[in-house]
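*Asks:* Residue 173 in this note's numbering sits at position 173 of the sequence shown, and the numbers go up by one each step.
FYI, nobody ran anything at the bench for these hints, they're computed from the structure.
Among the clues, some could well be false.
What the hints assert, rightly or not - Here are the simulated DSSO-like pairs of lysine-lysine, each with C-alpha atoms no more than 27 Å apart in a straight line:
| # | residue 1 | residue 2 |
| --- | --- | --- |
| 1 | Lys321 | Lys227 |
| 2 | Lys229 | Lys341 |
| 3 | Lys392 | Lys280 |
| 4 | Lys321 | Lys303 |
| 5 | Lys303 | Lys226 |
| 6 | Lys370 | Lys392 |
| 7 | Lys409 | Lys392 |
| 8 | Lys321 | Lys205 |
| 9 | Lys283 | Lys362 |
| 10 | Lys303 | Lys280 |
| 11 | Lys392 | Lys229 |
| 12 | Lys227 | Lys237 |
| 13 | Lys283 | Lys227 |
| 14 | Lys303 | Lys237 |
| 15 | Lys331 | Lys362 |
| 16 | Lys227 | Lys370 |
| 17 | Lys331 | Lys226 |
| 18 | Lys229 | Lys205 |
| 19 | Lys280 | Lys370 |
| 20 | Lys341 | Lys280 |
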Amino acid sequence: MFGGIRDRLFRFQKHSRNTRNEFFGTHPSLPEDILDPPAAGRSSRPTESLIDPPPTTTPSSRSVVIKPSETANQDISLLEKSVDHSHPHKDHPIHHPTPPRSFFSSSSLAVHPNVETAHSSSEEDLRMPNIKVFSGSSHPDLSTRICERLQLEVSKASLKKFSNKETNVEIGESVRGEDVYIIQSAAGEINDNLMELLIMINACKIASSCRVAAVIPAFPYARQDKKDKSRAPISAKLVANMLSVAGADHIITMDLHASQIQGFFDIPVDNLYAEPAILKYIKESIPNWQSSVIVSPDAGGAKRVTSIADRLNVDFALIHKERKRANEVEKMTLVGSVEGKVAILVDDMADTCGTICMAADKLVEAGAEKVYAFCVHGIFSGPALTRLNASKFEAVVVTNTIPQDENMKKCPKIQCIDISMILAEAIRRTHNGESVSYLFSHVPIC
1 MFGGIRDRLF RFQKHSRNTR NEFFGTHPSL PEDILDPPAA GRSSRPTESL
51 IDPPPTTTPS SRSVVIKPSE TANQDISLLE KSVDHSHPHK DHPIHHPTPP
101 RSFFSSSSLA VHPNVETAHS SSEEDLRMPN IKVFSGSSHP DLSTRICERL
151 QLEVSKASLK KFSNKETNVE IGESVRGEDV YIIQSAAGEI NDNLMELLIM
201 INACKIASSC RVAAVIPAFP YARQDKKDKS RAPISAKLVA NMLSVAGADH
251 IITMDLHASQ IQGFFDIPVD NLYAEPAILK YIKESIPNWQ SSVIVSPDAG
301 GAKRVTSIAD RLNVDFALIH KERKRANEVE KMTLVGSVEG KVAILVDDMA
351 DTCGTICMAA DKLVEAGAEK VYAFCVHGIF SGPALTRLNA SKFEAVVVTN
401 TIPQDENMKK CPKIQCIDIS MILAEAIRRT HNGESVSYLF SHVPIC
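Based on the sequences and whatever the hints tell you, model everything.
*Replies:* Below you can see the structure in the form of structure tokens.
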């Protein structure tokens, strides 16, 4: 019985020794028991590293040691000569076994003997690979600003019209396996730009792109979001359906006229807010803002106004308006006090500016010292600029979701807030799979 146990123990020790030799390799220039620990009863050898000098030995000691070299470089060269260079783990010290190479990722420092080489090889990974950003013809300046903040170039695309006014789109570079972001706003010729966006989405989708996201700073047909009269269309729902059918996988927009438009989509929608940028502008540019009153020009904007008033810790007021027909207001009633204070009107868009100009007159009649207007989307159609020039506003502040260069030349009261950093950060976070909720209350620094 004891003979059988002894034989099994011998075979186990022999198998373990062969496995270790197989992993580390055979090193004839080193003592044998460096790879095979001494058995019980045999004299043990020092356990110090081969590079460090061994302790002083006495004549009675029979341990076998490697003589230290005079310099550290010679020690390293001696170690390299003693290791079998054909072994895949020759770069690692013998007394620190390393798992197989497949254990590490391609960017792991354990694969690179030189740390600086590893860092330099991963520099390109920080520049957001597998992403293409295209610009529609509605707002190329905003697209350029976004790409500059992302440290990317606007991807190549040819946007033309045939002689019969049909839209012609040609994607100028490969998008296979890429995440594509197409920036197109509701500016200029809205119907043509919407059709251009749909064609660009479909062209990228059938070109085997991985995902296609439509970045729409100002959403078209956003005011047609409900059936407020008999036989009225819900055009915002129709636009949502067209974007989905064209192949969009994600929508990024800003300050929808009605938040329920997000429910028209069966794909993810990120509705960003310009509120943090407006708050920053108020604190930096409006004197005596601590004694101001935030005013909503209609009941629909009460929630937006109360949010800004709470964050500024100031009062708010409301103007109730009654319309005869679209873009025409019949009567206004002020709810709240603005006497002797700075009135700040806040709305999501300014189109013909009839509402906000009448509201400004109403606030001045109620005793407001100064009146400012903040609107996210400055459409300024029809007689808008003429009305603003004749209005009692100190300034009308809008964002650049819609191009404002020409409007600012014609009306010096118009001032513009750049929101490209918000959209750029939303694209970056979406591409990297990060949350965008931080942007609901903060302005990114970039």
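*Asks:* Within a Cα-Cα threshold of 27 Å, do Lys392 and Lys280 meet the stated pairing?
*Replies:* holds (23 Å)
*Asks:* Check whether the Cα positions of Lys331 and Lys362 lie no farther apart than 27 Å.
*Replies:* holds (11 Å)
*Asks:* Under the criterion that the straight-line Cα-Cα distance not exceed 27 Å, is the pair Lys229, Lys341 satisfied?
*Replies:* Violated, because 39 Å separates the two Cα atoms, which is more than 27 Å.
*Asks:* Can the restraint linking Lys321 and Lys205 be considered satisfied, given a maximum Cα separation of 27 Å?
*Replies:* Violated, because 45 Å separates the two Cα atoms, which is more than 27 Å.
*Asks:* Verify the proposed pairing of Lys227 with Lys370, using a straight-line Cα cut of 27 Å.
*Replies:* violated (38 Å)
*Asks:* What's the verdict on Lys341 and Lys280, does the C-alpha distance respect the 27 Å limit or exceed it?
*Replies:* Roughly 20 Å separates the two Cα atoms, so the pair holds.
*Asks:* Does Lys392 lie within 27 Å of Lys370 when you go C-alpha to C-alpha?
*Replies:* holds (8 Å)
*Asks:* Verify the proposed pairing of Lys283 with Lys227, using a straight-line Cα cut of 27 Å.
*Replies:* violated (39 Å)
*Asks:* CA of Lys303 to CA of Lys226, is that 27 Å or under?
*Replies:* With Cα atoms ~19 Å apart, Lys303 and Lys226 stay inside 27 Å; holds.
*Asks:* Straight-line Cα separation of Lys280 and Lys370 no greater than 27 Å?
*Replies:* holds (19 Å)
*Asks:* Hint check: Lys331 vs Lys226, CA-CA at most 27 Å. Holds or violated?
*Replies:* holds (23 Å)
*Asks:* Holds or violated: are the alpha carbons of Lys392 and Lys229 at most 27 Å from each other?
*Replies:* Measuring from Cα to Cα gives roughly 34 Å; hence the hint is violated.
Hint violations for this structure: numbers 2, 8, 11, 13, 16 and 18, all remaining hints satisfied.
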